[in-house]
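Chemist: Sequence:
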Amino acid sequence: MRMVKMKTVFASISEIFETHYKRYNEHIHIAIEGEETEIESSMVSICEYLVRIFIQKIIQGHNDIPNKTEQNQKNSDQNLTIKASSDLKNLILSIESNFSDFNFENILKILNRKNININYMSEKEIHDLLELTNCLPNFQDIINAKTTVAMLGGNIEILGEKTIQINISIPISCSITKALLVTVADQTFAIPLDYIQTIINKDSVDIKNACNSELILYMKEAIPLIRVAEKLDLIQCNSNSSCILIVSVNNRIYALLVDSLLDETDVVIKPKAEVLNDVHELRGTTILGDGNITLVLDVPALVCEN
Numbered sequence: 008m009r010m011v012k013m014k015t016v017f018a019s020i021s022e023i024f025e026t027h028y029k030r031y032n033e034h035i036h037i038a039i040e041g042e043e044t045e046i047e048s049s050m051v052s053i054c055e056y057l058v059r060i061f062i063q064k065i066i067q068g069h070n071d072i073p074n075k076t077e078q079n080q081k082n083s084d085q086n087l088t089i090k091a092s093s094d095l096k097n098l099i100l101s102i103e104s105n106f107s108d109f110n111f112e113n114i115l116k117i118l119n120r121k122n123i124n125i126n127y128m129s130e131k132e133i134h135d136l137l138e139l140t141n142c143l144p145n146f147q148d149i150i151n152a153k154t155t156v157a158m159l160g161g162n163i164e165i166l167g168e169k170t171i172q173i174n175i176s177i178p179i180s181c182s183i184t185k186a187l188l189v190t191v192a193d194q195t196f197a198i199p200l201d202y203i204q205t206i207i208n209k210d211s212v213d214i215k216n217a218c219n220s221e222l223i224l225y226m227k228e229a230i231p232l233i234r235v236a237e238k239l240d241l242i243q244c245n246s247n248s249s250c251i252l253i254v255s256v257n258n259r260i261y262a263l264l265v266d267s268l269l270d271e272t273d274v275v276i277k278p279k280a281e282v283l284n285d286v287h288e289l290r291g292t293t294i295l296g297d298g299n300i301t302l303v304l305d306v307p308a309l310v311c312e313n
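Residue 8 is where the sequence shown starts when you use our numbering, and the numbers rise one by one after that.
A portion of the hints provided could be inaccurate.
Pair ranges (Cβ atoms, derived) [to be verified]:
#1 Asp193 to Ala18: 33 to 43 Å
#2 Asn124 to Asn219: 42 to 52 Å
#3 Asn113 to Thr88: 19 to 29 Å
#4 Asn216 to Leu166: 50 to 60 Å
#5 Thr15 to Ile183: 14 to 24 Å
#6 Ala18 to Asn208: 41 to 51 Å
#7 His287 to Asp210: 27 to 37 Å
#8 Thr26 to Asn151: 29 to 39 Å
#9 Lys185 to Pro278: 11 to 21 Å
#10 Asn151 to Thr88: 21 to 31 Å
#11 Ser93 to Thr26: 24 to 34 Å
#12 His34 to Asp193: 40 to 50 Å
#13 Asp210 to Ala18: 20 to 30 Å
#14 Asp193 to Phe24: 32 to 42 Å
Treat the hints as calculated values from the structure; they're not laboratory data. Remember, predicted model here, so these are calculated numbers, not experimental data. Note that the Cβ used here is the ideal one computed from N, Cα and C, for glycine as well.
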């Protein structure tokens, strides 16, 4: 597992402030803390994405304030503080600015909430929040950010009095394993290689029905067949499953039917988010090299007959 410092993320967003100065001839007083905080290299693109969308909208919201006179601009210091820290369990990203008149108590009263935690807000509540403030990402951006952070088991919380403070928390506890990336119903999943004994083509074996279950005949053995798409309640547009993974769990052999194979890779497995706790077939999440988040399957739970 390669670790990098948060200064890598902060350096990548510097052009946002350069563009702002060129366009508005206005300096932003930027304070950056926690540049030496270390994160897994796989998290760099996620952290950059989250910091970027909130900062861009905060600045845009400030520039879109109606009746903002040149004199007002000169008399008001525009301050932006970005912090990164770790409590050994979570990476905490904090963005604070005084760019807008953010009446936090009034917003809580209107929304009838004691706090603003994006993870626990419905899409309608998020829409209402965006109508009340001009300093948050647009609806789709914040929904995407919510989904990304929730899948990693984190939180997005908004605080403030006369300033706005956005706190993003992402768990850093993890385990590393080799995994096979597969597709199931047009979605990508990771399956730990520890369980996989071999891979065969579906057309090379016969599928039989016995006692309301499916079996394959392989190496003179009858092996229970689990269709992963059905187990996960995924809808397949067409029946194009072509690969069978022979897996071993507790000295018993099973066959997992998937659509296709993608790649073998090292994955950093993060605990699954609270919203996924009831999906026992999922072990956690991982961030791939391209920055996409992929679900890691729990093979023992997949083959459980329950």
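Chemist: For each hint given before, does the structure comply? Return the numbers of the non-compliant ones in rising order.
Modeler: Structure breaks hints 8 and 13.
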